[in-house]
Amino acid sequence: MDEDWTTHPDEGTIHAWLDDALDAPAAARVAEHVRSCAECAAAVAEARGLIAGASRIVASLDDHALGARPGWAQGAPETGASPAAAAARGTGNGSLWRWLHVTPARATIAATVLVALGITMTRSRTATNDVVSPVARSMASRAGTGATTDSAGSVVASAPASDAGRDPLLDSAIKRNLAIAQPPRALEPAQTPAVPVPVPTPGAPAVGLAGVDTSASTRVAEARRATVEAREQRVGVADRSRVRGAVAAAPAPVPATGAATEAVRGDAVAGSANAGTLPDRAMVASKSLSGVATECYLIESSAPGVRWGGVPLPLVVSTDSAARIGQAPAPVLTTAGSATGLSTQLTPGAGDSLTLRLRRIGYMESIAFGPDIGGRAGFASSAPVSQLEEVVVARTEPSSSYAATRAPVRKAAESAAAGASAAPPKEAAAQRSAANRVTMRRVSCPVR
Amino acid sequence: MVSPDRLSQLFKAYHTPLVRFLTRRLGDRDSAEEIAQETFVRALRQETITSERSWLFAVASNLVRDETRRDARERKRLDRMKADADADAASQELEPTSMERAEEQALARQAIEMLAERDREALLMREEGLGYDEIAEALELSVGSVGTTLSRARRRLMEAYEALQAERSAKRA
Chain H
1 MDEDWTTHPD EGTIHAWLDD ALDAPAAARV AEHVRSCAEC AAAVAEARGL
51 IAGASRIVAS LDDHALGARP GWAQGAPETG ASPAAAAARG TGNGSLWRWL
101 HVTPARATIA ATVLVALGIT MTRSRTATND VVSPVARSMA SRAGTGATTD
151 SAGSVVASAP ASDAGRDPLL DSAIKRNLAI AQPPRALEPA QTPAVPVPVP
201 TPGAPAVGLA GVDTSASTRV AEARRATVEA REQRVGVADR SRVRGAVAAA
251 PAPVPATGAA TEAVRGDAVA GSANAGTLPD RAMVASKSLS GVATECYLIE
301 SSAPGVRWGG VPLPLVVSTD SAARIGQAPA PVLTTAGSAT GLSTQLTPGA
351 GDSLTLRLRR IGYMESIAFG PDIGGRAGFA SSAPVSQLEE VVVARTEPSS
401 SYAATRAPVR KAAESAAAGA SAAPPKEAAA QRSAANRVTM RRVSCPVR
Chain U
1001 MVSPDRLSQL FKAYHTPLVR FLTRRLGDRD SAEEIAQETF VRALRQETIT
1051 SERSWLFAVA SNLVRDETRR DARERKRLDR MKADADADAA SQELEPTSME
1101 RAEEQALARQ AIEMLAERDR EALLMREEGL GYDEIAEALE LSVGSVGTTL
1151 SRARRRLMEA YEALQAERSA KRA
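Residue numbers (this note's numbering), protein chains in the order written: chain H, 1 to 448; chain U, 1001 to 1173.
Next up, chain H with everything else stripped away, as it sits in the complex (with noise of 0.2 Å):
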């Protein structure tokens, strides 16, 4: 190097300077007579752009894969010019994404793939979740920790305290798709009403002010009717088959005696020898009494000269649907089919339980019966109007032990004692207390 500072520096002194390779002494003059010289500061200003486009066509040179740092921009381990040095060069090659060897191709891939591993982590994560959640409601209802709802109202299954596996930025982010996928329900009111209003036209149907057909219940209950009686026609069908069967081949499980029980059984085992060449008489019977299905129902009493209305039992009860549901008189018939002039009151009860009134002339008479169960068991009484008995059926013991404890109620009649047919007071007192065991159960009804 030329060391006569006396005049200019020369361009290899200049470029030794910028690349400081000059000693420490050399260095301050050139920097001394830089400052003082405008010629010099002009061509340092030169070096320092041979310097910087250089290095910039030399690193064009470099390969992908081998990188463009220069050795000193490395660090060299023992030797090399320093950054600040390479700085002061100008000679730094700062393009952090040319050091990573990063193009926009690779860098468009790696945000895809980045992209798409995260959208698969998510959606296996809350589909893990959506499986579990169910497993555990469960289990933390059972152990009184987990699942508590969120206020949209989505049941969220929050780990346990000890669950360290979970991830809580996970959790609130699925926490927060589910608020979005289930927003809260606000409840506002109706801004039309939800029934509209009708115009009231003459002639049509009276209309509530609710706007509500008031006709509505009793087509409804017209509806129901007519689903009990079809569903009571085909119980009928099988209940009949099922008497038969068992009139015909075992005894009844209620008692029964008489000469009229023979004959309706008779009647019953005839009907169903005939059953395989002639018309089912007990069809043939219900359909003749009137035109909807008709079931008789046997009233018999162990006890010997029991009656009922002044009839002696046994008796038939005649019913028609709408008698089945208290809503017609029931004709009373003899075992033979022919008419009492009676008819009664069936009123079916709480347990199935059943109650016959039978209204005579002076006379409140009533059989109180329990649950059918192939037949029915229960006390017949009879007392005169004046008073007013009121049967309560209780289960005591299965079967033929159902008891009816009677609860009189006494009330002042106004016609008992100025009834001239009353019977006398002895009569009365034993009418009134007489109650007598008797069973019911269906049979054919007879042909008249």
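Don't read these hints as lab results, they were simulated from the structure.
Worth double-checking, as some hints may not be accurate.
A short list of chain H residues far from chain U (calculated; beta carbon distances all over 10 Å) [to be verified]:
1. 178
2. 220
3. 306
4. 327
DEER-style ranges, computed between Cβ atoms [unchecked claim]:
5. 106/H - 1009/U: 31 to 41 Å
6. 32/H - 1045/U: 44 to 54 Å
7. 121/H - 1075/U: 48 to 58 Å
8. 1100/U - 10/H: 33 to 43 Å
9. 1110/U - 20/H: 26 to 36 Å
10. 106/H - 1143/U: 35 to 45 Å
11. 56/H - 1034/U: 23 to 33 Å
12. 1080/U - 106/H: 24 to 34 Å
13. 10/H - 1116/U: 13 to 23 Å
14. 1080/U - 32/H: 47 to 57 Å
We put the CB at the ideal spot given by N, CA and C, even for glycine.
The hints should help you fit chain U onto chain H, whose structure is shown.
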């Protein structure tokens, strides 16, 4: 003779910059790798190495010099580079950035090749971080002449590059 442990340290410290230097010098990564390997083999045979980096770069430069004397091989390499550049230009029509970069690299290669041997080696060594004393030792120059050599190399490189750019622009026009 350099011990294997010391050679391992040298390899770890200087292999990458040496390959880069040789690649810039030759324009061929495979040849650069081969020469770098040969350089470290010679280092293993060396009894003592006082200035390791300058010695390695000097040996590598000598090997490159020997390599470039084989004209047939050089032409073949240049032909292959030209074919590769053409193929890249044809296949990367949708990637103008890569194509521009390839063109720029070809211009830089031509500009480097237009430098004198010593200027080119001094410039490439300096770009690899060698100091003036190391360059002087590697190229058997005086330290005072390294600055002059480098300034000349840089100026001629820039002039050649700009001339090539102007020529390319004239062709396109």
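Taking the hints in turn, this is what the structure says about them:
no.	hint	in the structure
1	178	holds (44 Å)
2	220	holds (77 Å)
3	306	holds (113 Å)
4	327	holds (92 Å)
5	106/H - 1009/U: 31 to 41 Å	holds (33 Å)
6	32/H - 1045/U: 44 to 54 Å	holds (49 Å)
7	121/H - 1075/U: 48 to 58 Å	holds (55 Å)
8	1100/U - 10/H: 33 to 43 Å	holds (37 Å)
9	1110/U - 20/H: 26 to 36 Å	holds (30 Å)
10	106/H - 1143/U: 35 to 45 Å	holds (44 Å)
11	56/H - 1034/U: 23 to 33 Å	holds (28 Å)
12	1080/U - 106/H: 24 to 34 Å	holds (26 Å)
13	10/H - 1116/U: 13 to 23 Å	holds (19 Å)
14	1080/U - 32/H: 47 to 57 Å	holds (53 Å)
Checked against the numbered hints above, the structure breaks none of them.
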